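*Asks:* Letter by letter, the chains look like this.
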Amino acid sequence: MNTLKFVVKRLLISVVILFFVALIIYILMRSLPTSYVETIARQKSMQPGSKSFEEWMEQLNAAYGMDMGIISGFFHWLGNAVRGHFGDSWFYTVPVTQKFHDTVWLSFVMGAISMVFEIAIAIPLGIIAARKQYSKTDYTISVIALAGISLPTFFFASLLKLLFSVHLGWFDLFGLVGRDYEQLSAIGKFFDKAHHLVLPIVTLVVISVGSLMRYTRTNMLEVLNADYIRTARAKGLSERKVIYRHAFRNTLIPLVTIIGGSLPGLFSGALITETLYSIPGIGYTSYNAMVAGDIPFSMFYLTFLAILTLLGNLISDILYAVVDPRVRIS
Amino acid sequence: MSEEKRNDAVEKKNEEYSLNDDRRVKVLSPGAMVAKRFFRNRIAMVGLFVLIAMFLFSFVGGLISPYGEDQLFYRTDILKKEYASAIQNTEFRYSVAEGQNFPSIIQAKFILAQRQKDASFEYDGKTYTVTEEGKDFYSISIGGTVIGIAYKDVFSVSDQAQKLSFNTAFAGLKAFSNGESAFSADGIDYTLASDGLVSVGDKEFGYISRFVVQPLMSDIFLTREFKDKAIEVMSRNGDRMMFTDRSGKEHEYFFNFDPKTNKWTIREETESRVYDTYSAPSKKHWLGTDRNGMDMLTRLMYGGRVSLMIGFIVEIISTVIGIILGGISGYFGGWVDNLIMRIVDIFYCIPSMPIIIIIGASMDAIGVPPKIRMIYLMLILGILGWPGLARLVRGQILSLREQEFMTATEACGISVNRRIFRHLIPNVIPQLIVSCTMGLGNTIITEATLSFLGLGVKFPFASWGNIINDVNNTFVLTNYWFIWIPAGTLLLLTVLAFNILGDGLRDAFDPKMKR
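The listed protein sequences derive, respectively, from chains A and B.
Just so we're aligned: 259 in the numbering used here is position 259 of the first sequence, and the numbers increase by one with no gaps anywhere.
Just so we're aligned: 169 in the numbering used here is position 169 of the second sequence, and the numbers increase by one with no gaps anywhere.
Please keep in mind that the hints were generated in silico from the structure rather than gathered at the bench.
Given the structure is predicted, the values throughout are model-derived calculations rather than measurements.
Please note: incorrect hints may appear among the correct ones.
[Claimed, not checked] Covered, in the sense of this in silico footprint (three residues per stretch, anywhere, with C-beta under 8 angstroms from a C-beta of chain B), are these stretches of chain A: (1) 17 to 24; (2) 139 to 147; (3) 178 to 192; (4) 195 to 207; (5) 285 to 296; (6) 304 to 315.
[Claimed, not checked] The calculated EDC-like cross-link candidates involving lysine to aspartate or glutamate, where the alpha carbons are at most 20 angstroms apart (straight line), are: (7) B:LYS80 x B:GLU268; (8) A:LYS193 x A:ASP227; (9) B:LYS109 x B:GLU133; (10) B:LYS80 x B:ASP245; (11) B:LYS152 x B:ASP228; (12) A:LYS5 x A:ASP317; (13) B:LYS249 x B:GLU82; (14) A:LYS132 x B:GLU232; (15) A:LYS9 x B:ASP345; (16) A:LYS9 x B:ASP507; (17) B:LYS174 x B:GLU91; (18) A:LYS136 x B:ASP245.
[Said to hold, decoys possible] Every beta carbon over 10 angstroms from chain A, so not counted as near; a handful from chain B, in silico: (19) ARG342; (20) PRO354; (21) ILE425.
Every residue gets a Cβ at the ideal spot worked out from N, C-alpha and C, and that includes glycine.
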């Protein structure tokens, strides 16, 4: 009962926050000095024998529903958005939700695969580092983790491209599918796509594995300094049992909450990585839309990201309460 | 002896621990403890040294470097420019006698007649007589009146202002095709050399040749010597020649024959001053030059300045906002706290990277000047970056507020201002320093990423991100490592150093740490 009340309360607060986030984003988008509409109007007015720029602006603004005031425009947008109508993308000229549906699963697959790798690499290494605190292994792992965090995505991606695409020729530089994609069989198509996703996933894993590794190490250290571990050692348990029975299970509490909280983020797409490799996931698609000033698509994407963040926080809070019996929701 | 010695030692020991000696207990202030712990951390020291090196490189390096931030370098490049063209004439050319009519249909009929070696042909009821005046040289006449000539050797006049009259051309060509050495026309006597040179007395008049050499640009006048030499090279199928022009300068010319159009192209080697782009590392430019012909090393120094400065300014902006709002929120609590924390929640949810990309793209569209753009960039990054810090400060203050020493300050009647600034804030500062140090690294990466995408710092300003931007050009990625690898390495080292330093500081500030 308590949990339900907590969840409902958190949900209501999230809705209020979301409302304001959407409002701020909408105001920002509308007050930008330039947009896709202007670009189109400028192009159209350049054509010989065309109407003037102002006339085109007026006509296009009316066509795109941009002639409303910012506040009334926002409520108009909100009314439609609540019913799931996000309008047509200006840049892609298809409904926003359709474009989203076409691209988001690719990003999800990419994110999910890299997350599995991250967990598989980060947690064992983090535990090893914590067990041998201040040893050479610990320093090496810590420095590697920090280097991963400090690596600028674009630089790392360029290095990978230079080594694996240019020198070794194992992968293509850009894109999701190869040149002869259309001639391939169904299985061939699958492997072609998988082949093109290798470098982006490696990039994602290396860039983000460090923080999880450090998080695991810190938490493991905290647990290893706890009294019950000393007790476990004192009563003569083997080191294996101490570490994997007592310590590791307790380390799992924060790990589960943080991993659970990052699950919604899998849908957000990797904006930079996808753009670098021209992978047509939700990140790259939105990047192009945003750079072109496509308001419906950008509004949708930004709101979507905000929802994912709120959802992530909510999930990790609930998980924390569920996993850790010491935490009681009040 | 030994007794004495031992006494001495005991005395020394006693001296060391005598009661009225301050050194009896080694007292270290908390600050000194932190410093001691920090300086013992070898990795953190490495980070510190790297950072000091980066600062020296960026801020002092720019002063030492002999080149400016956007100083352009040139090199002289030898380019082959098309200079003249030449054809060996294989088709008949025609000249019309003064006052006569020689239409193209007659020219076509003439070709037919010439092929069949007919002495005459008929057209439109008229009979045309073809006379072979010499080798590949014919005259066409009606009833004894020459209406035109057909020839393959071309008679050109040296002095462009002078016009070649029909009679002169007729006589000259006739003489040339018959191998004669003199002819006269319109009352002037000409001498004709075997190589085709035509002169009046000592003066050169023109020449006759199968080759037609024409300049490609109208402002060039090809001298007779040049043409002669070119013709000589062409007739022996040579591919280059040296030629000294009238001012005594020697040029090299390259000949290229295109069998399709039957045309020779003569190209001249000229020295041109071009931007010294993508030149490899050398003594003059240790890391080569970039796509604009600027010294890479100097660009890196100024780029470091921009990257570090942006990092610091952004961090200062967000820290100031974070401390003020988080401090107010934590200290006063109640509805103020609630309100501020909800604002923090809202800002936390705003996706910062997409927002900055959108704003960057729109600044591109309206053409904000690069300097103003940099200021906007810092403001936006700073304003989007404070919520995390505000949360941290609030959390710290909330827990500190409840501790005994704060109750003590209240009991002592210390003013609110003093309580906040003397007792509360100093206790938050360690956490703040750690978080800012690591935040700096993050900010630098964000700025570099934006500049890499072309939405951050713009030319002419350098930033490590926009230096690497050139790698988007696959040719640069493949061939010019010195354009992007040094900048990326500097970026990585700096961010890594900031993170290591932050880590070391956290350990040092933590009193529970044993080392």
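*Asks:* For each hint given before, does the structure comply? Return the numbers of the non-compliant ones in rising order.
*Replies:* 3, 4, 8, 14, 16, 18, 19, 20
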